[in-house]
Every structure is written in C-alpha cells, then in structure tokens.
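Number of protein chains: 2
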Amino acid sequence: MAEPKSVTAAVLVIGDEILSGRTKDRNIGHLAERLTGIGIDLKEVRVVSDDEAAIVEAVNALRARYTYVFTTGGIGPTHDDITADSIAKAFGVAIGIDPRAKALMMERFAEADLNEARLRMARIPAGANLITNRISKAPGFWIGNVIVMAGVPSIMQAMLEEVIPKLETGLPMLSETVRADLREGDIGTELAAVAKAHPEVTIGSYPFLDELGLPNTNLVVRARDAEKLTAARAAVETMLAAVRARLGR
Amino acid sequence: MAEPKSVTAAVLVIGDEILSGRTKDRNIGHLAERLTGIGIDLKEVRVVSDDEAAIVEAVNALRARYTYVFTTGGIGPTHDDITADSIAKAFGVAIGIDPRAKALMMERFAEADLNEARLRMARIPAGANLITNRISKAPGFWIGNVIVMAGVPSIMQAMLEEVIPKLETGLPMLSETVRADLREGDIGTELAAVAKAHPEVTIGSYPFLDELGLPNTNLVVRARDAEKLTAARAAVETMLAAVRARLGR
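For the protein sequence lines, the chains are A and B, in the order given. Under UniProt numbering, think of the first position of the first sequence as 1, with each following residue one higher. Under UniProt numbering, think of the first position of the second sequence as 1, with each following residue one higher.
Among the clues, some could well be false.
Derived pair list, reagent style DMTMM-like, types lysine to aspartate or glutamate, alpha-carbon separation capped at 20 Å [what the hints assert, rightly or not]: (1) A:LYS196 <-> B:ASP210; (2) A:LYS24 <-> B:ASP210; (3) B:LYS196 <-> A:GLU52; (4) A:LYS196 <-> B:ASP85; (5) B:LYS24 <-> A:GLU176.
These are computed hints drawn from the structure, not numbers from a lab. Everything numeric in this text was worked out from a predicted model, so none of it was measured.
Isolated chain A, as found in the complex (with noise of 0.2 Å):
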C-alpha cells in the first residue's frame, strides 16, 4: 500500500512584543488546531524578533524542510513592520508597492488617506500573489510556499480562511481521548507497550487534575487510518482496565 501523502508545515511567529511577554500569542493555537484539522501536520513552531537577519535566517530554514510556511505578523504600516522586506530577502527578490496591493486598499483608504506609511503595506515582494484581508483590506501575501499574514488574531484568522482551499490537504489526523482514572506513572510500562504494538498509531499521554483535584491522565491516540485507531483504542482500554483491577481501583 502507498504511504499517505504527508503534508507539512511551520508557523513562524514575528514580533518583539512576543518575545518580551508584552503580547501573549494566540495565532500558534489556532493555526495549530486548523492545520492539522485538514490534514497538515505543524511539525515546527519558531518565534523570532523584528530582525531583518533573524527573519530571513528562519524562512529559509523552514521553506527548504516544510510543504508550506505560515509566518504572522510585522506586515502594518509602521518602521517595525519589516516582513515584507525581510521575505523578499529571503527569496532574493525585488519589492515594491504593489499596485493591485494599493487598489485593495483604495477600497477603504481615500487617496489623501494613502499616505507613506499606510503604502507600507502595499509594498509586496515581486512574483507573490495576494490574500485579500475582508477586515482591513491591506493584504497579505503568497510566496513560494511562505505564505505571510497578519499578526492581529482576527485577521489572521481571516487570511488563513483565504488561503485554506488553495493549499494541498493531507488525510486529516483522527484523534481520540481516553481518560484513564489513574496516574500516568500508574501506566507508564504498560502503555509503552500498546504504543509499541500499534507502531502507526501515535499515543500521547497528558496528565491533569480532575474534578477532585486529583492526578488523572488523558491518552490520545492519533492516526490516519480508522480501523488502525479502533484497535490501538481497544488496546488502550484493555490495558487500562488491567491496570485498575491490580490496583483496586
């Protein structure tokens, strides 16, 4: 049988006042979540300041790994704003204000408005292709397999809803939780020798406390192909079941 195609990607979060915990970021959550919900797998997430060299250095380590390369932010209209030209560098093109960039914004900015700061955000690396921003209008923008957006949560969001159905899909993850009513070192032997039994599934344990306060353990298990999950399932609920009649629980 064929191995599944494998779709993959890198969130590349840009902005210091992540880094100074001005900000707390909720783009890497969503993307997260969205990403693996239609079959992409995030396999890396970097953070790096509004620095042109640190910018570059890590677009062109991820572009070279992943199917594709989601970067959030420093694309306003302000001097710390330096994605745009940043990815350019990276891709050894030439930038510029873009005049389908400068007609989007026309939408909402009269011309007196579209001053040098706000043309910032019509400044578009050459052969990229935009994503048209429905809240604010100023775009962001498609390059490569280095698609660049907003930072604000809720144009990011928007941006990725543009781009989701032109990008190629992987079969989705399915996942499954159960909870085991024990604690993880309860189990631990035990369930690395279901995960070891069940090599395509993957199983994650997480432990937390319930309603009583007490310890308690989530297992996850995620795979691709249905029945492979029932079964890795069964034995995940077998072996919890063995566990808890030794222990009198």
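Please arrange chain B on chain A, whose structure you already have, making use of the hints.
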C-alpha cells in the same frame, strides 16, 4: 562607556500536543515576561514534536547561540517523554537513573510505587544539576547552559523560580507605553523618524481597538537606560501632539 552586558535566552517547547493544537501553550508567555523582567533577552522560541532528532537539532542550535536555553515538556513517566534522553544525546553524555533524583522522588512515593515508569523521571544526563520540584517532586535538571523543565505550567513555574536566583542576569529592560489615540497609519512616517533619532531605544507600535471599537495604537518605548527612555518618550509625545493637531483630533 562599556556596553551593558547582554544576557540572552531561547525557549524550546517540546510536545506533539502543542503542534496538534490539542493543548494551548501557556509557558512561552510566562517565560517571556519573567525573563524580560530580570534583564534576560528572550531572542527566539521554537516548538518541536516529541521526536529525538528534532529535539537534538534544536537544542544544539540554540545552546550554541544564546546564554541560556529553557526547555519545557517531555520529562514525565510515559513513552512519549523523551526530553531527558534527547538532551543527553545532544550533549553526548550518558544517561541513567540518578540516585539524587530517586531520593527526591522517594519523598513522595513509597519504594513499592516507584515502578519502572516513575523511575523514568529519575533518568538524568550525566553531569547535570537537579532542579527541585516542590509540587510533584520529580526534578528538572540543568546541564551546560540548558535548563530542562516540566511542561505542566504550575510545575514549570515552580522550577523556573528555583533556577532564577542562580542565573546571570542583565540590566532590566525599562518599558513605557504611550496611547496614541491615532491609527498606526496616521503616524507611521513620523514615528519612523523618532525611532531613527533614538537608535538605542526600541519603539514598537501595536494596533488595538479601543473602548468604542475604533482603531487605536499603543506605542511601547523600551530601553535599558532611564534617561534615554525618558527622552524618547518625550519625542514620541511631541510627535503625537503634532500629528493630532494637523489632523484636527
């Protein structure tokens, strides 16, 4: 005048659950805020999956580049907890059950409960120092410039507080926020001129929607030197007043 000592850091978040979107990371924001507050510049964050090669590569890239690397996640008792082994591999050192770590765990667990799974949490790379864990006893560790902590936020935070008094710290970054009552695009050009005139001060521009739902901007002025900060803040306020007067706001 000597350049103030610069202490830098990276954070490495380890865990499939973050990349799948199942768990929303809460450690990056906390670390960013806490490290910035003690004058350690967080320069980069990476999130990688529970994959040995990915962890080894990231640890080795980051520890060569920054004063400290803080890792979170992957030090529990189950098969998907592979951080300690991966760190040992990154450093090329042996790993085994550490008697000091086992002793700490015996403060919580009876010998009979210290099964094979729980003893995984006492596996510590050779040459590492332990980081005590006042919440659940299983320790973190510190090897070279890499500080390895749990992923559960309350435990990570407790471990961080254990470590902080031992860290080399820098001059704290001072920060002031000025509310512009203007849109980013109204002030971008003028703000760039202020930023250029104050090269030792970082000025970030962050759009937000105000109480009336109108676009507004916070300008964050950051410097280690209080006098330079005050001068830059004054220049920002003068610039804002001029733009407001010109636009009749």
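Structure versus earlier hints - violations, ascending order = 1
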